[in-house]
Amino acid sequence: MASLHDFIAVSRRRAKLENERLVSLLDRSTEVLSPLSDPLADDFGAHRWLQAKREEAYSDWLAWILFRIRTPDRILAALNGEVQTEASSQQPATVVREYWVESGHVDRTGRVDIHLKFQNQAVFWIEVKLTSAEDADMEKNSGYRAAQDARPELIKRRFTIAKGGRQKDYSGFEFRSWETVCRGLRSAALGMIRTAESERTGCSRHTSGDTASVNTAAMTLGFVGAIEQNILGFPASLRRRALDGTTIWPGAEIADYLDSWLSMIKETIDA
Amino acid sequence: MPELETATNELLAQGFHSYVDALAAIRSFKSEVVKGCRTVMEEGLLRLPKSLNTSGTKNGIVEEIDPSDIGDFGEDYAWIGVSLPLVPEKLWFSVGIYLDQTDESTHRVQAYVSFFTARKDTVRTLFGALGELRGTAFVLDDEDTGVCAVEPILSNALASYQEALRKAMSSWLDKDNGKALVILGKVINAR
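Chains C and D, in that order, give the protein sequences.
According to this note's numbering, the residues represented by the first sequence are 1 to 271, in order.
According to this note's numbering, the residues represented by the second sequence are 1 to 191, in order.
The following block holds chain C by itself, in its conformation from the complex:
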């Protein structure tokens, strides 16, 4: 029993030592996202609409954010957890929630969570899961894939976003973890803030109908915070807790997550 107590004690001590790194990363992130702040500093579990695992609420919000991100390259960057590309002349997406398709489960029709269409050039379908991919219903994916394959668009992509997953692909749907997507959406929000700032100061190189605004960035970061706290299980009000000296057990994981995002956007920040 003594060794178990030692294990717990040393683990707790280390978690507390991570608090300092965590605060530093949160402050850096807030500095980068100014005039907004890092969503992990807030408490999104307090929002009744999002605190429960209501897939529809999260899908609705994500669909709206992707609509605001507008173009296929930028949407792909968000889904891939990558830094946003600059605004381009690509056509904006048409977004439909619960899009009817003629095949899902065997011998049944289905409804894809998010349908994104870019004129007649490209179509992306996204299935939103709040559990791990292994715990979610993936059987209908084969039917969805067949339905999308029959479509006329040249570019067809399908994604499953879930908490975790052991495969790269689930019956033709590319797997993306919420961590990856949240990193991408954080970058998207940063891009919106930067664009809005450039437009405000008259330094923008791209004013071709880009609808980015700080308000949209705030809504995007709100979604990110809700996912990080309610789905990924990161504690709310993280900075305050860390400063209070609370043991934040997943502190090292969260710090690594923030660190990887900040490293990813380093070039954007430096620019």
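Simulated from the structure, these hints should not be mistaken for laboratory data.
Heads up, none of these hints are tricks.
Straight-line C-alpha distance at most 25 angstroms; calculated SDA-like pairs for lysine to any residue:
#	chain 1	residue 1	chain 2	residue 2
1	C	Lys163	D	Glu64
2	C	Lys16	C	Tyr257
3	D	Lys58	C	Asp135
4	C	Lys163	D	Gly60
5	D	Lys58	D	Asn177
So the derived list for chain C, only partly shown, Cβ under 7 angstroms to chain D, looks like this:
#	residue
6	Phe7
7	Ile8
8	Ser11
9	Arg166
10	Lys168
11	Trp249
12	Glu253
We put the CB at the ideal spot given by N, CA and C, even for glycine.
Model the placement of chain D on the given structure of chain C, informed by the hints.
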């Protein structure tokens, strides 16, 4: 059985007191080891020869934990590591730590860097083809689905487990100028 009753009461008292903390400590430990394994795998991934025709990238690395659920724990071992499909349906890359505790006094920790295939005959062919290279560095896994480079981690060097992983990786990458991987590529491409 008053002794059993006393022991049960002590288990409950200690358990109720420490259960949540123990889970948290296990999660922290697991997460740290997975991170270390991932780093070593990413380093190795950069050095895999083109002849393997791999499509795996670091984004495809997933953690591999056994038992993954506390309810599945029934034997005196644990595995903490990461894996990556290198060739779809054909070849997987694995880096991890095997913790073996057959009784209270026997505690063994080993670093593994392995390649798994879908077919047992492929693995047996690979193992045979390694010939003298095998030495004591390579073993067949228990189910004959993988060939593993293994390095022990001494009890006074547990914190440097990554060095043991790198040493195991080196058996594949560097021994005899990476001959083991050349053989692996030939065996996989022939199937």
